[in-house]
Every structure is written in C-alpha cells, then in structure tokens.
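So the sequence lines, in the order shown, correspond to chains B and F.
For what it's worth, the working numbering labels the leading residue of the first sequence as 1, then goes sequentially.
For what it's worth, the working numbering labels the leading residue of the second sequence as 1, then goes sequentially.
Some clues are possibly wrong.
Unchecked claim - Chain B regions said to be covered by chain F (calculated; three or more residues, Cβ under 8 Å):
| # | region |
| --- | --- |
| 1 | 126-139 |
| 2 | 144-155 |
| 3 | 257-268 |
| 4 | 272-281 |
The set of hints was computed from the structure by calculation and includes no laboratory data.
Every residue gets a Cβ at the ideal spot worked out from N, C-alpha and C, and that includes glycine.
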Amino acid sequence: MGRYLLRRLAHAGLVLVGVSAVVFGLLQLSGDPAALLLPPDVAADELLRFRRALGFDDPLPVRFGRFLRGAVVGDFGQSLRHGEPAMGLVLERMPATAALALAAMALALGAAVPLGVAAAVRRGSWFDRAAMGAALVGQSMPVFWVGIMLILLFAVWWRWLPAFGTGTPAHLVLPAVTLAGFLVARIARVTRAGMVEALGDDYVRTARAKGLTEAAVVWKHALKNAALPLVTIIGLDLGSLLGGAVITETLFAWPGVGRLAVQAIANRDFPVVQAAVFAFGTIFVAVNLLVDLCYVVLDPRVRAA
Amino acid sequence: MGRADGWIWLGAALVLAGVVAAAAPRALAPFDPVAQETAQRLRPPLWRDAAGRLRVLGTDHLGRDILSRVVHGARVSLVIALVAVAIAGTLGMAFGLGAGYFRGWVDDVVMRAADVLLALPFILLAIALVAVLGPSVGTIIGVLGVTGWVATARVVRAQTLSLRARDFVAAARGMGAGHGRILFRHLLPNTLGPATVIAALEVGRMILLESALSFLSLGAPPPTPTWGGMLADGRVYLSGAWWLATFPGLAILLTVLGVNLVADRLRERLDPKLAL
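Work out the full structure, taking the sequences as your base and the hints as a guide.
Set out below in structure tokens:
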C-alpha cells in the first residue's frame, strides 16, 4: 500500500515534469522565445538587453532548469498585457471555470447515468437503440455549434436566458448545458457498457435469487460495480472536459481560465498561456491521482496488486 | 448499436457525400464559394433572386452562397482530418508496437509521453501550437498528427503485449526471425484491426478539432471556406440571420456522424471487445 502510493506519487511528479517540458517547449518552437515575450515593435538593442537580463542566451538545459524551478512555485513570470504575475491571473479565474465544470458534470451525470442504466436494463429494446443512437449523434456534435444553437433558441428567439456574460445563476445555464451535452453521450455509453457487464455477473444472479427487488438489484448492486470504471473514465476525460470548457467559455464570454488562455494566445501573452496550460495539466494529474487512490479504498483487489 | 443494418448505410452515405464534396466541390456547388454579391447579402434559405437563381441555403453577410461554401468547406476538413489521422496512426502504430514488444525503457518513454499528452487539454495545446507556428493547413495537420497518436499507441501496445507471449511469436523466434521480421510480419498485421477502428474514430475527432480551430480563427486562412470559420461569421449575425451558423454546423454534425456510424460498425466487426 505504502509502496503503491509512493509509486503513484512519483509517476504524477514525472508527468508534471513532462507537462512543464511541453509548456516550456511551446515557446522554443517559435525560434526566438525572447521576441515572443516582448511587444513586436521593440527596438533591436532593447531585445538584446532583455535577452541578456533574463538569461535567454544560456544553454537550453539551463533555461529549462530555471523554468522548472519557477514552475514548482507557480512562477511563470509577469503577464505582458496586465503586468501581473501570470499564475495569479490564472488562479483568479479558476473559480469560474470550476463552477462551470462542476455544474456541467452534475448535469451530465444526472442525465447520462439513468439513461445508460435504463438502456442496459432494456438491452436491445427500441429504447436502448434510440438512447444509444442519440448518444452517437451527441458525440458527433461540435461543442461550439451546440452552444450557438442554444443561444439562438433560448436567448435570441425565446429570450428566456442571457446569451453570455455572468452575474446571475441564469447566466450559468446555457454554458453548463452546452458543456454537459459534450459529456452526456460518452458517460451514457460507458454507463451502459459497465451495466451490461455487471448485470451478467454472478452476484447479480445471487441478489435476484435471494429475492431482492429488481430496483435494488439494478440501482444498488449492479450500479455500484459499474460505477468504478465510470470514475476512471471521468478522470481520464477531465482533459477533454477542460478543453471543452476552453471553447464554451470563449463562446459565452464566461470569465474562466479557458477564455483567459484563448485571449492570451490572441494577444501573444505567452506567460499567461504557459501558466494556464500548466494549471490545467496539474489539475488533471491531481484528479487522476485522487481517482487512483479512491480505487485503492473502494476496491480491495487493487491493494493486493 | 448497429444491429439495424440501415445505420451503416446511412453512415456510408454521409461519408460518401462528404468525400464527393471534398473531391469535386465544383460539380456540386451551384455558385463560386468566394464570389461576393453585395446586392444579395443575408438572403434567407430558398431565396430566388431577380435573375431567377435559387439560393438553397441562403447567402452570408458578403452575399456569398452558403450551400456552395458548405460544399467547398468539406475539402479542408476532410483533407486535414485524413492526413492528420494517417500521421497520428503511423506514429501510434510505431510507438505502440515498439513499447509492447521491447518493453523496458522504450515502453516507459512512450507511455509517459502518452500520459503527458493526455494530461494537457488537447484543444488548448493545439490552439497554442498553431498560434506560435502560424495558422496554415500544413501547421494544423502537423499539430494534430504529431499530438494525436496516444489512443492508437495505447491500443496497439496492449494488443502487442498479449501477442508477444503467444506461441506463434515464440515459434518465429525459434526459427531464427529477428526483431524486424517478428514486428512487421507477425505482430503488425495482427494489430491492424484495432488500429483501424481507432483510426476511424479519430477521423471524426479530428474533423471536430479542425472545425474548433477554424472557429477560433486559427484554421486555414480566408478566403478558403471552412465550416468552423463560417460558424464564427454566423455567430455575429445570429440575431438576424440564423442560417449562417446553422448549416455549416449541420455539415460538421452529419459528416462526423457518418464517420462515427461507420467506425461503430467497424468496431463490432473487427474488435467487439475494444473499449470506447
């Protein structure tokens, strides 16, 4: 158990070093990272001074070492546009992104789990076919188009909800539904697959044989076991959820990290881009570490392995 | 899914329509996709102008025919998606085979790199890369191809791990086959099935990613018509002209749906156990 924990922690640390390498490499790809960090109309001698002062003339490994030391304490330098620490700007926007992601996840689970369970129970029926067909259509839709169509219907035509911005809980509805739509299809399919497998297991037959109601068999015994792979998938899909949040936030002018990152990319404000990508990577690694630890607690078989 | 055979035909028909539009857009499109007619701006669908020409899906804010632009938009989307999947699939096959066969440090390096790519929101990474390198069709293909190999590599690696322990591999080795022969003659053909399924699913994902990039104006530069770019234009005129944003989105949806229907069926045929 202790060794497993250590190994997982070391693995998470290694992945974060890799994430830092990608974030660092992003600027190197352009040829001259120093030029990217200054306004485009900067004078040549000023660029030279800047390069020397910030050590851009040092060898690559030295610069990466320095970057890593900064990353550990969340120091990605100052935003070129706002003149504030880049990571501070990212953290400022994090609650908005968290609210959007959690609302979307709650909506998606609330819709997709019952759908997947019902489809699995009535496997092969018209309901199953219709639900899984709808899930396939859902997986084929571009997030931003769903968002635009929702704006068209609910904000432009019927005027029920605000199209963008923040302020009231109503502002959260359209972005959250858009982002949830992106998750529902996948969660429903995974739930169904897990339930189909669980319902075929021996303990389900035992549960039925000892006279439990069908509802108890399905919702307590089978779903509990189908939930484990679901948790893993949700953890692994966090990357695409945050990616979807980037687009959703941009579309709805939701003041989160994703929109900040897209604006920073448009403004060529690269310290903020680096901080945002690093923050998303760290959240992904931390959540998946947590998922693995939950597994250890929930499933004794993992502990033995 | 897919027990009803009709779905595979729907999927095949949608894919075929996309391929025909991409291959010969001029044969299908009634108008020049970049010709601007200021007298015919923002006409609704099924509009017939004074000269008797029918605008089936209406015109956009510059008086360009939307149907023609949707048809021409298929080319950029499909070319980028197919070439990117070819690159990503080849890389994934190579990495997966190498990792599963040689194990050891090769395996470690490949799987850790996969973990790193998985930890980064793909779209954000793609946006940042395209922004640094400058948006062009070549850049987008490169970025999607070089970063999109993870799914293929994982599946091929798992398949290779189970194959290398099988008797026929031991037999080949016993008869003196080297690494190269075992990898290419014995292991590679047996991983093609699952790799094909993944590739098919990835085509749909790449079309969605490409359209997201062009929606954020990081796609093929104008005046090339792209579905994502048309959507971005349409969003501005949403309150007055719903058709600008609706039809390019439908084109993306139908194309990706067709690809996914075919991929779903492929999975059932080639590898029913393969996880989503």
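Run through the hints listed earlier and report the numbers of any the structure violates, in increasing order. none
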